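Let the sequences and hints guide you as you build the complete structure.
Sequence order for the protein chains is A and B.
Be aware that the first sequence starts at 0, since it is given in numbering that gives the first Met the number 0, and climbs by one per residue.
Be aware that the second sequence starts at 0, since it is given in numbering that gives the first Met the number 0, and climbs by one per residue.
Keep in mind that the hints are not guaranteed to be accurate.
To be verified - Using C-beta positions, here's what the derived DEER-type ranges look like:
| no. | chain 1 | residue 1 | chain 2 | residue 2 | range |
| --- | --- | --- | --- | --- | --- |
| 1 | A | His189 | B | Gly125 | 45 to 55 Å |
| 2 | B | Gly74 | A | Arg298 | 44 to 54 Å |
| 3 | A | Asp86 | B | Asp102 | 34 to 44 Å |
| 4 | A | Arg283 | B | Asn147 | 29 to 39 Å |
| 5 | A | His132 | B | Glu89 | 36 to 46 Å |
As the list claims (entries may be wrong) - Computed list of lysine-lysine pairs in BS3-like fashion (alpha-carbon distance at most 25 Å, straight line):
| no. | chain 1 | residue 1 | chain 2 | residue 2 |
| --- | --- | --- | --- | --- |
| 6 | B | Lys135 | B | Lys110 |
| 7 | A | Lys54 | A | Lys75 |
| 8 | B | Lys295 | A | Lys295 |
| 9 | A | Lys54 | A | Lys282 |
| 10 | B | Lys295 | A | Lys212 |
| 11 | A | Lys295 | B | Lys212 |
Since the hints were derived computationally from the structure, they do not count as laboratory data.
Nothing here was measured: the structure is a model prediction, and the numbers come from that model.
Note that the Cβ used here is the ideal one computed from N, Cα and C, for glycine as well.
Number of protein chains: 2
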Amino acid sequence: MSLLVVGSVAFDALESPYGKVDRTLGGAATYFAVAARFFVPVNLVAVVGEDFSEKDEQFLRRRGINLDGLERAPGKTFFWAGRYSQDLNERVTLATELNVFADFNPRLPEKYRSAEYVFLANIAPGLQRSVLHQVKVRPRLAALDTMNYWIERTNAELRETLHHVDILMINDAETRQLSNEHNLLLAARHIFRMGPSILVVKRGEHGAMMVDKRGVFSVPAFPLEEPHDPTGAGDSFAGGFMGYLASVRRHDDAALRRAMVYGSVLGSFSVERFGLDRLRTLKRSEINARARHFAKLTRFTL
Amino acid sequence: MSLLVVGSVAFDALESPYGKVDRTLGGAATYFAVAARFFVPVNLVAVVGEDFSEKDEQFLRRRGINLDGLERAPGKTFFWAGRYSQDLNERVTLATELNVFADFNPRLPEKYRSAEYVFLANIAPGLQRSVLHQVKVRPRLAALDTMNYWIERTNAELRETLHHVDILMINDAETRQLSNEHNLLLAARHIFRMGPSILVVKRGEHGAMMVDKRGVFSVPAFPLEEPHDPTGAGDSFAGGFMGYLASVRRHDDAALRRAMVYGSVLGSFSVERFGLDRLRTLKRSEINARARHFAKLTRFTL
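Next comes the structure, spelled out in structure tokens:
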């Protein structure tokens, strides 16, 4: 089994009503890898700068995340600073310094090229496609995240890339923007014509929804009294989702539903503390307990 | 068993991207009664004007809704006109003519006074309280709906009334406004101190959530490709919820969860067509089938 993630490793400065951190390890690929690693080994492709320390590297390596694909480039690591509103539903970007990420050109080490499970975190669609080209055999499952920036500016490239993935995993605003449909069922049908056969819509405090040809599956967000920081929630969700599927090597309906739950579990833990803090201390037994709690949250008999 | 509803009977003019109706029977108590009547007999207390026709009356009477408590007053029936946005998520009120509703003073016929299940639809909290006073014995279950208007203008009266109800059934914005808490779990705790022991939060396209001392239960909205008209969805939900509970005469956790599902089922049917059109033709077998569909929508095994 091999799970590959390609995306950003970054340092984040974060502010929310619950506190503030000046510089903490972040980035979509980092959240994804840390979350997925609870289920399976992870191969990471990303670029960092000279400010990425031995300590940062050891944190990832000790968790069993393979860093052969982590490129070091002269300059500084991608830096993002943002501030969340009182209710955590809005955020303003205070700084985006791409640094070495501006010239990121993902190159897969030979042993990554037989990846069976691939997650293309939110980067330029052209780079996502180049990663798929480097994988020798069509993966068992390839999933892709994207954002409004790429939908607006590189729409044709995004559509070309979408032909080659199985799962599109985006939020509701992105779903509507990409499909030009407000209704999420119609949007899903539109997106299926672009390539993916499964649409996972991340809806923040409203949970997540999966649509495929069999129908719809909904999972609520886990009710938390004091979420601290939504950064990385979607990537942690994706890590739990793909990590679980890679661990069971199946993606029938029952497995996909369970993946939605494990995704929601990882997403919910991620927002409990700043940055990666909660995932750092998280135990597999806590993941299992929260998955059971999700069952309690949604279960009924007729 | 007796289920009593007190609230508005109205005529509505409705506009949505899917069409337009100039004058159709509506009002919170009407939607509630029609939805609840699929489960149990319903006693209706409301006021109508001289324009409320024999045909309108026969529609309700033939469904088995008891109209002994329907007062006729000189003047016209409450009239509301509204227009929904493209995505149905926003609405503008084009006209509100209270007419005979302005002097509504609910009086319960003697045989309604032993009501065991009571739903106080959205009217002035003082009137809601007067209804509870007229019920001889404390009902097995009393539920209340309200809105921003009463939260802002008659807050003290609303709080006084809340002491005497078991279930508060409002939307998320109202929950936050009433409790001064953004977080819905903290809001629920705040609201429990006001009297109710169960909070049902209606979240429109995001479904509904129930919080009580045992915890949280979430149910998604039913995915519809073409909802036509959200008018009355919340009252249809309340009708399905209370109707189901009154029919089983239990409100343990399993029954309350089922009530949430039947509420969601009735709400989802209600929005499929304009006004009461879909509920008019709805069959009990369709309700049961959609409840099973809700199970499919949310079920997973770990």
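Status of the hints after comparison with the structure:
Here the CB-CB span from His189(A) to Gly125(B) is close to 50 Å, well matched to the stated 45 to 55 Å. Look at Gly74(B) against Arg298(A): about 50 Å separates their beta carbons, and that is inside 44 to 54 Å. At roughly 40 Å, the beta carbons of Asp86(A) and Asp102(B) sit within the given window of 34 to 44 Å. Between Arg283(A) and Asn147(B) the C-beta distance comes to about 45 Å, which lies outside the given range of 29 to 39 Å.
The hinted range of 36 to 46 Å is satisfied by His132(A) and Glu89(B), whose Cβ atoms lie roughly 45 Å apart. Taken as a hint, the Lys135(B) and Lys110(B) pair is honoured in the structure, with Cα atoms around 10 Å apart against an allowance of 25 Å. As the CA atoms of Lys54(A) and Lys75(A) are separated by approximately 16 Å, the hinted pair is consistent with the 25 Å bound. For the proposed pair Lys295(B) and Lys295(A), the alpha carbon gap of about 16 Å is at most 25 Å, so the pair holds.
The straight-line distance between the Cα atoms of Lys54(A) and Lys282(A) is roughly 21 Å, inside the 25 Å bound, and the hint therefore holds. Annotation: proposed proximity of Lys295(B) to Lys212(A) holds, straight-line Cα distance about 14 Å (limit 25 Å). Annotation: proposed proximity of Lys295(A) to Lys212(B) holds, straight-line Cα distance about 14 Å (limit 25 Å).
The structure fails to meet hint 4 from the earlier list, while all remaining hints are met.
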